[in-house]
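Participant: Each chain, letter by letter, is given below.
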Amino acid sequence: MVKSKICLREYVKEGCIFEIEDTDKNTLLKNMALKLKELGFIGDDKGVESVYQKLVEREKLGSTGIIKYIAIPHCKTDAINTEMVILVGYSKKGIDFQSHDGKPVHIVFGVFTKKSNVTLHLGALAAISRLISKHSIFSRIEEFLSKEKLWEIIEECEYEI
Amino acid sequence: MVEKKLVLKNKLGLHARAAAKLVQLAEQFKSDIKIVKDNVEADGKSILGVLLLAAPVGSELIFRVDGEDEQEAISAIEQLIEDKFGEEE
Chain A
0 MVKSKICLRE YVKEGCIFEI EDTDKNTLLK NMALKLKELG FIGDDKGVES VYQKLVEREK
60 LGSTGIIKYI AIPHCKTDAI NTEMVILVGY SKKGIDFQSH DGKPVHIVFG VFTKKSNVTL
120 HLGALAAISR LISKHSIFSR IEEFLSKEKL WEIIEECEYE I
Chain B
0 MVEKKLVLKN KLGLHARAAA KLVQLAEQFK SDIKIVKDNV EADGKSILGV LLLAAPVGSE
60 LIFRVDGEDE QEAISAIEQL IEDKFGEEE
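Residue numbers (numbering that gives the first Met the number 0), protein chains in the order written: chain A, 0 to 160; chain B, 0 to 88.
Some clues are possibly wrong.
To give an idea of the chain B side of the interface with chain A (calculated C-beta under 8 Å), a few residues [claimed, not checked]: (1) 12; (2) 14; (3) 16; (4) 19; (5) 46; (6) 47; (7) 50; (8) 51; (9) 53; (10) 57; (11) 73; (12) 75.
As a list, the in silico BS3-like pairs of lysine-lysine whose alpha-carbon atoms are at most 27 Å apart [unchecked claim]: (13) B:8 to B:20; (14) B:33 to A:114; (15) A:2 to B:8; (16) B:29 to A:102; (17) B:36 to A:75; (18) A:36 to A:133; (19) A:75 to B:29; (20) A:59 to B:83; (21) A:67 to B:36; (22) B:10 to A:4; (23) A:75 to B:8; (24) A:4 to B:4; (25) A:133 to B:33; (26) A:113 to B:20; (27) A:114 to B:29; (28) A:92 to B:8; (29) B:29 to A:53; (30) A:148 to A:4; (31) B:33 to A:2; (32) A:133 to B:20; (33) A:102 to B:20; (34) B:20 to A:59; (35) A:67 to B:4; (36) B:36 to A:4; (37) A:53 to B:4; (38) B:44 to A:2; (39) B:29 to A:2; (40) B:44 to A:59.
Treat the hints as calculated values from the structure; they're not laboratory data.
In this text, all values refer to a predicted model and were calculated from it rather than measured experimentally.
From the three backbone atoms N, C-alpha and C, an ideal C-beta is built for every residue, glycine too.
Construct all of the structure, not just a fragment, from the sequences and the given hints.
Facilitator: See the structure below:
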């Protein structure tokens, strides 16, 4: 079987790591969609609204706060102009994400993939899981709440699927 | 121990929601549950482990279930996969 390699740094572009000021989940989801436009991955407000709605709809099916202190909100959308882009937000205060364990979320990986690319989407989830377990992020979350630290671990994260 | 090969039928494969459902189900059983795909083994009760498999539709997953409720566990897992994790396609 041919393996393909996912390098997270290829999808976490300049400006994609940011500090979260919001404390409300839906405001954060909206701001992530706006950030994609600000960074040039979404062309217009219609795209922003569509991505935001998809993120909200996905959360309704069950919170993506599936790992202690960490959430992976995501959607497949053709509103983006690239195969995949990943936003990484960190919050010192924590956000109520209606997580599975009820704990506040401090790091959010927003994964946005083109509709057709299921393999890439699964690969991103796997690479992020690898990143989280390799560094036991959930057991020392405070150490990772900075742009520099997050970039340091993301830059070197490669995972073969 | 029981071992069973199951093939993913839902279009999206073991994506986040499906993985979370599988883990939630696995956690209800006392048995140890391992999932093997292409020689990579994951703990069926760990979301990080299950997501690491990056399993698309058509993947063959080998479930190794060991413990007092292994039969019930494997039946329930098989049912979930047959039901496509409750997804439409």
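Participant: If a hint holds in the structure, say so; if it does not, say that too.
Facilitator: Hints, one by one, checked against the model:
no., hint, result
1, 12, "6 Å, holds"
2, 14, "6 Å, holds"
3, 16, "6 Å, holds"
4, 19, "5 Å, holds"
5, 46, "5 Å, holds"
6, 47, "4 Å, holds"
7, 50, "4 Å, holds"
8, 51, "5 Å, holds"
9, 53, "4 Å, holds"
10, 57, "11 Å, violated"
11, 73, "24 Å, violated"
12, 75, "19 Å, violated"
13, B:8 to B:20, "15 Å, holds"
14, B:33 to A:114, "31 Å, violated"
15, A:2 to B:8, "21 Å, holds"
16, B:29 to A:102, "25 Å, holds"
17, B:36 to A:75, "25 Å, holds"
18, A:36 to A:133, "32 Å, violated"
19, A:75 to B:29, "36 Å, violated"
20, A:59 to B:83, "19 Å, holds"
21, A:67 to B:36, "25 Å, holds"
22, B:10 to A:4, "22 Å, holds"
23, A:75 to B:8, "19 Å, holds"
24, A:4 to B:4, "26 Å, holds"
25, A:133 to B:33, "19 Å, holds"
26, A:113 to B:20, "24 Å, holds"
27, A:114 to B:29, "38 Å, violated"
28, A:92 to B:8, "41 Å, violated"
29, B:29 to A:53, "36 Å, violated"
30, A:148 to A:4, "23 Å, holds"
31, B:33 to A:2, "22 Å, holds"
32, A:133 to B:20, "23 Å, holds"
33, A:102 to B:20, "19 Å, holds"
34, B:20 to A:59, "15 Å, holds"
35, A:67 to B:4, "30 Å, violated"
36, B:36 to A:4, "17 Å, holds"
37, A:53 to B:4, "34 Å, violated"
38, B:44 to A:2, "25 Å, holds"
39, B:29 to A:2, "34 Å, violated"
40, B:44 to A:59, "23 Å, holds"
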